[in-house]
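**Q** Sequence:
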Amino acid sequence: MIEAWWRNQSERDRRVLLAGGALIALLLGWAFVWHPLARARTQLQAQVERAHGDLEWMRRSAGEMSALHAKGMRGQVDRQGKSLLALADVSARGAGLATALKRDEPTGPNSVRVSFETANFDMLIGWIDALARDYGVQVTDLSADKVAGMGLVNARVVLEEP
1 MIEAWWRNQS
11 ERDRRVLLAG
21 GALIALLLGW
31 AFVWHPLARA
41 RTQLQAQVER
51 AHGDLEWMRR
61 SAGEMSALHA
71 KGMRGQVDRQ
81 GKSLLALADV
91 SARGAGLATA
101 LKRDEPTGPN
111 SVRVSFETAN
121 FDMLIGWIDA
131 LARDYGVQVT
141 DLSADKVAGM
151 GLVNARVVLE
161 EP
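In terms of the numbering used here, the sequence shown is residues 1 to 162.
Treat the hints with care, since some could be wrong.
Said to hold, decoys possible - The calculated DMTMM-like cross-link candidates involving lysine to aspartate or glutamate, where the alpha carbons are at most 25 Å apart (straight line), are:
id : residue 1 : residue 2
1  : K82       : E11
2  : K102      : E11
3  : K146      : D104
4  : K82       : E64
5  : K102      : D129
6  : K82       : D54
7  : K146      : E117
8  : K102      : E117
9  : K102      : D145
10 : K82       : D145
11 : K102      : E160
12 : K82       : D141
13 : K102      : D141
14 : K102      : D13
15 : K146      : E105
16 : K82       : E105
17 : K102      : D122
18 : K146      : D122
19 : K82       : D134
20 : K146      : E64
21 : K102      : D134
22 : K146      : D129
As the list claims (entries may be wrong) - Pairwise CB distance ranges (calculated):
id : residue 1 : residue 2 : range
23 : E64       : L26       : 52 to 58 Å
24 : L27       : A62       : 48 to 54 Å
25 : P36       : M150      : 54 to 60 Å
It should be emphasised that the hints constitute simulated quantities derived from the structure, not laboratory data. Where is the CB? At the ideal position from N, CA and C, for every residue including glycine.
Generate the whole structure from the sequences, applying the supplied hints.
**A** Below, the structure is given as structure tokens:
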């Protein structure tokens, strides 16, 4: 049926239809293949540029982070000669955990275990954060059990000097 219709067209009409079909094929190829690929390429280039910017920022920040970490490690100097055991005791009492502090004992040459009963969890975490930030003391073990009362725990914390 299409073949018969095609044969009934004049030579000029066939050329116009072929040229129009070729033009439509090119436009469809551009619209559905070339244009989306070009747009995706542009988006990927922008993404790569952003990633390079982020990488450069991270490299600049690495030095700053090293300096801050070293400052935290040097915080040991501010301990005024206190041992880790004394520092844990004094700082826990200063953080408002005096009534919850039940025991602090050395577990090695550079580590201390501190036990709390019915301690406020938020205050406990604040105390741990302050030790790490101000004195470079690290927590190597933490276990906490919820007790009756909002936000209260029994906890055992092992602290270690770097």
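**Q** Taking 25 Å as the top limit, are the C-alpha atoms of K102 and D141 close enough?
**A** holds (17 Å)
**Q** For the pair supplied as a hint, K146 and E117, is the alpha-carbon distance within the 25 Å limit?
**A** holds (10 Å)
**Q** Checking one constraint from the list: CA of K146 to CA of E105, max 25 Å. Satisfied?
**A** The given pair, whose Cα atoms are some 23 Å apart, holds under the 25 Å limit.
**Q** Decide if the proposed pair is consistent with the structure: K102 and D145, CA atoms, cutoff 25 Å inclusive.
**A** It holds: about 15 Å lies between the C-alpha atoms, which stays within 25 Å.
**Q** Straight-line Cα separation of K82 and E11 no greater than 25 Å?
**A** The hint is violated at about 104 Å.
**Q** Given the hinted pair K146 and D122, is their Cα-Cα distance within 25 Å?
**A** holds (13 Å)
**Q** Next pair to validate is K82 with D141; report whether the Cα-Cα distance is within 25 Å.
**A** Distance of about 22 Å is within 25 Å: holds.
**Q** Between K102 and D134, is the straight-line Cα distance small enough, at 25 Å or below?
**A** holds (23 Å)
**Q** Does D129 lie within 25 Å of K102 when you go C-alpha to C-alpha?
**A** holds (20 Å)
**Q** For K102 and D122, compute the direct alpha-carbon distance and say whether it is at most 25 Å.
**A** holds (18 Å)
**Q** Under the criterion that the straight-line Cα-Cα distance not exceed 25 Å, is the pair K82, D134 satisfied?
**A** holds (14 Å)
**Q** Is it true that the CA of K102 sits at most 25 Å from the CA of E11?
**A** Answer violated: K102 to E11 is near 104 Å, above 25 Å.
Checked against the numbered hints given earlier, the structure breaks hints 1, 2, 4, 6, 10, 14 and 20 and satisfies all the rest.
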